[in-house]
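**Q** Protein chains in written order, with the numbering used here: chain A, 1 to 216; chain B, 1 to 187.
Worth flagging that the hints you see were computed from the coordinates, not collected in a lab. What you are looking at is a predicted structure, and each value in this text was computed from that prediction instead of being measured. Be a bit skeptical, because a hint or two may be false.
Said to hold, decoys possible - Now the in silico label distances, taken between C-beta atoms and shown as ranges:
hint, chain 1, residue 1, chain 2, residue 2, range
1, A, 18, B, 9, 38 to 48 Å
2, A, 210, B, 42, 38 to 48 Å
3, A, 12, B, 68, 25 to 35 Å
4, B, 130, A, 33, 19 to 29 Å
5, B, 124, A, 208, 34 to 44 Å
6, B, 46, A, 150, 29 to 39 Å
7, B, 179, A, 187, 32 to 42 Å
Claimed, not checked - Residues of chain B clear of chain A, computed beta-carbon distances all greater than 12 Å:
hint, residue
8, 28
9, 46
10, 134
11, 135
12, 151
13, 173
14, 177
Said to hold, decoys possible - Here are some of the chain A residues that sit facing chain B, going by a computed Cβ distance under 8 Å:
hint, residue
15, 59
16, 64
17, 70
18, 73
19, 79
20, 130
21, 190
For every residue, glycine included, the Cβ atom is placed at its ideal position computed from N, Cα and C.
Residues per chain, in single letters:
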Amino acid sequence: MDHSNDLNSIEGLGRLYRRRVDARNAPASGCVSPEAMLALLEREGSESERLATLDHVMSCAVCHREYEWLAAVGKAATEAGGRPAREALWRRAPLALAASLVAAVAAGFLVRGQMRGGGETVRGTTGDIVLAAPAAGVSSSDAPVFSWHPIGEASGYVLEIQGADRGVVRSDTTADTTLRLPSALPAGEYRWWVREVTDGSEPRSSAFRTLKIPAR
Amino acid sequence: MEGTSDSLSPALERVLANFSGILRSVCWRYHFTGDDVDELVQEVRIRLWRAHGELAGASEHIASISASYLHRTALSAAIDLLRRRRARGGDRTQTIEDQDEVLPAASGPDRDLEHSELAAQVERAIDAIHPSRRPVVRMHLLGHSREEIARLLGWSEAKTRNLLYRGLADLRERLLAEGVQWTTRTT
């Protein structure tokens with residue numbers, strides 16, 4: 001038999017696997033509970049339990065759809081929740097805080113202006129995301145405002161902050177090109193990057209940038 | 001009480017309009033239907049109303065709810081919807097593709113059988129992968145990105161890439177053992 005069409009790329013193998021999973025389109029006795037799926041998404045419980053849940057979810061068409069649904073709801077709530085919180089902050093902010101935020105935004109534009117002049121090495125193609133602020137190195141705030149340049153046709157962005165061990169310590173999604181951390185980062189050395197939200201295709205992304213939060 | 005409800009409505013609707021707009025956009029990317037969104041938004045509306053409707057300064061509470069609070073409320077509502085649908089049976093979350101029921105592109109019974117046999121071989125090979133790598137391979141084959149896998153499992157990009165490639169190497173080995181030649185590059 002000639003399997004060349006399906007086995008000459010990882011995409012072909014993926015199509016075969018998806019067809020197999022889709023063929024089992026009925027709830028099975030081994031289906032995981034919605035609570036277990038939530039624990040998976042929220043990273044609660046032991047890794048071995050979560051891997052077992054994930055193994056079933058990724059081999060059962062019904063559970064996979066429910067997982068995608070919960071992931072979509074969580075993502076939308078995170079994106080939606082950020083906006084009223086920022087508006088509330090602006091409504092309540094005293095004048096001095098508002099002035100410092102304006103200064104921070106102005107500094108962001110200055111950084112952008114400098115970068116347009118060419119001062120930063122960016123990974124990948126010219127379509128990738130260019131970071132604006134905070135600048136690389138020591139941050140004056142333990143909850144800095146992150147910003148980056150918009151790219152065409154991006155529906156959203158994911159900001160990810162990694163710790164010294166390269167593990168993800170914060171990850172947030174926004175439709176905007178600025179993001180304020182809801183809480184302070186502990187003192188330490190980090191690196192951060194931004195990528196676009198995609199529907200599974202390879203996202204455009206930024207280079208990594210270092211960030212150091214000094215002990216206070 | 002009526003005064004509270006009247007002042008609460010605009011704040012509640014602002015939060016819900018923002019949430020449902022983004023939810024529709026996210027669900028569109030995930031190919032879920034508008035019915036699912038409507039049902040969930042109604043459930044979230046009821047929960048926020050119940051939690052804040054009788055408090056003094058209810059509209060202030062609603063207007064300033066945090067991202068994490070909305071996140072918890074929306075996910076617990078989504079979990080309840082899934083539970084209810086499971087209890088009803090046969091009425092689980094549908095995608096646009098489910099409604100549209102696209103026929104497979106196979107060109108005949110022989111081709112279907114051939115694909116079915118091959119898919120079964122692929123599944124047996126995947127089942128034999130080490131359990132710490134198997135879910136990662138499954139996620140990858142279903143089209144999830146490495147970044148999503150890393151974020152979901154709290155792994156570094158390097159660990160994710162390492163386990164995925166080792167899992168794919170396992171898969172290649174198992175497929176060869178099944179007599180299936182797989183000479184593909186794995187980007």
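**Q** Determine for every hint whether it applies to the structure shown.
**A** Outcome of the hint check:
1. As the Cβ distance of residue 18 of chain A to residue 9 of chain B is approximately 44 Å, the hint placing it in 38 to 48 Å holds.
2. Evaluation of the 38 to 48 Å hint for residue 210 of chain A and residue 42 of chain B yields a pass: the beta carbon distance comes to about 46 Å.
3. For residue 12 of chain A and residue 68 of chain B, the Cβ-Cβ distance of about 42 Å falls outside the hinted range of 25 to 35 Å, so the restraint is violated.
4. With their beta carbons about 25 Å apart, residue 130 of chain B and residue 33 of chain A fall inside the hinted range of 19 to 29 Å.
5. For the pair residue 124 of chain B and residue 208 of chain A, the supplied restraint of 34 to 44 Å holds, since their beta-carbon distance comes to about 40 Å.
6. A beta carbon spacing of about 37 Å between residue 46 of chain B and residue 150 of chain A agrees with the range 29 to 39 Å that was offered as a hint.
7. In this structure the supplied range 32 to 42 Å is violated for residue 179 of chain B paired with residue 187 of chain A, their Cβ-Cβ distance being about 57 Å.
8. Under the 12 Å C-beta cut-off, the non-interface status given to residue 28 of chain B relative to chain A is violated; the minimum distance is some 9 Å.
9. Consistency note on residue 46 of chain B: stated as away from chain A, and its beta-carbon is indeed over 12 Å from all of that chain's, at 16 Å minimum.
10. The beta carbon of residue 134 of chain B sits about 6 Å from the closest Cβ of chain A, which is not more than 12 Å, so the claim that it is off the interface is violated.
11. A cut-off of 12 Å between C-beta atoms contradicts the statement that residue 135 of chain B is not in contact with chain A; the least separation is 4 Å.
12. At roughly 6 Å from the closest C-beta of chain A, the C-beta of residue 151 of chain B falls inside 12 Å, breaking its exclusion from the interface.
13. Even its closest Cβ contact with chain A, about 14 Å, leaves residue 173 of chain B beyond 12 Å, as expected for a residue assigned away from the interface.
14. The claim that residue 177 of chain B is not at the interface with chain A holds, since no C-beta of that chain comes within 12 Å of its own (minimum 15 Å).
15. Hint status for residue 59 of chain A: holds, given a least beta-carbon distance of 6 Å to chain B, under 8 Å.
16. Here the hint on residue 64 of chain A is kept, as its CB sits about 7 Å from the closest CB of chain B, short of 8 Å.
17. Because the beta carbon of residue 70 of chain A sits about 6 Å from the nearest beta carbon in chain B, less than 8 Å, this interface hint is met.
18. Annotation: interface hint on residue 73 of chain A holds; nearest CB of chain B at approximately 4 Å, less than 8 Å.
19. A least Cβ separation of about 5 Å between residue 79 of chain A and chain B falls short of the 8 Å threshold, and the interface hint therefore holds.
20. Taking 8 Å as the C-beta cut-off, the interface hint given for residue 130 of chain A is violated, the closest approach to chain B being about 19 Å.
21. Hint status for residue 190 of chain A: violated, given a least beta-carbon distance of 13 Å to chain B, over 8 Å.
Hints 3, 7, 8, 10, 11, 12, 20 and 21 from the earlier list are contradicted by this structure; the remaining hints agree with it.
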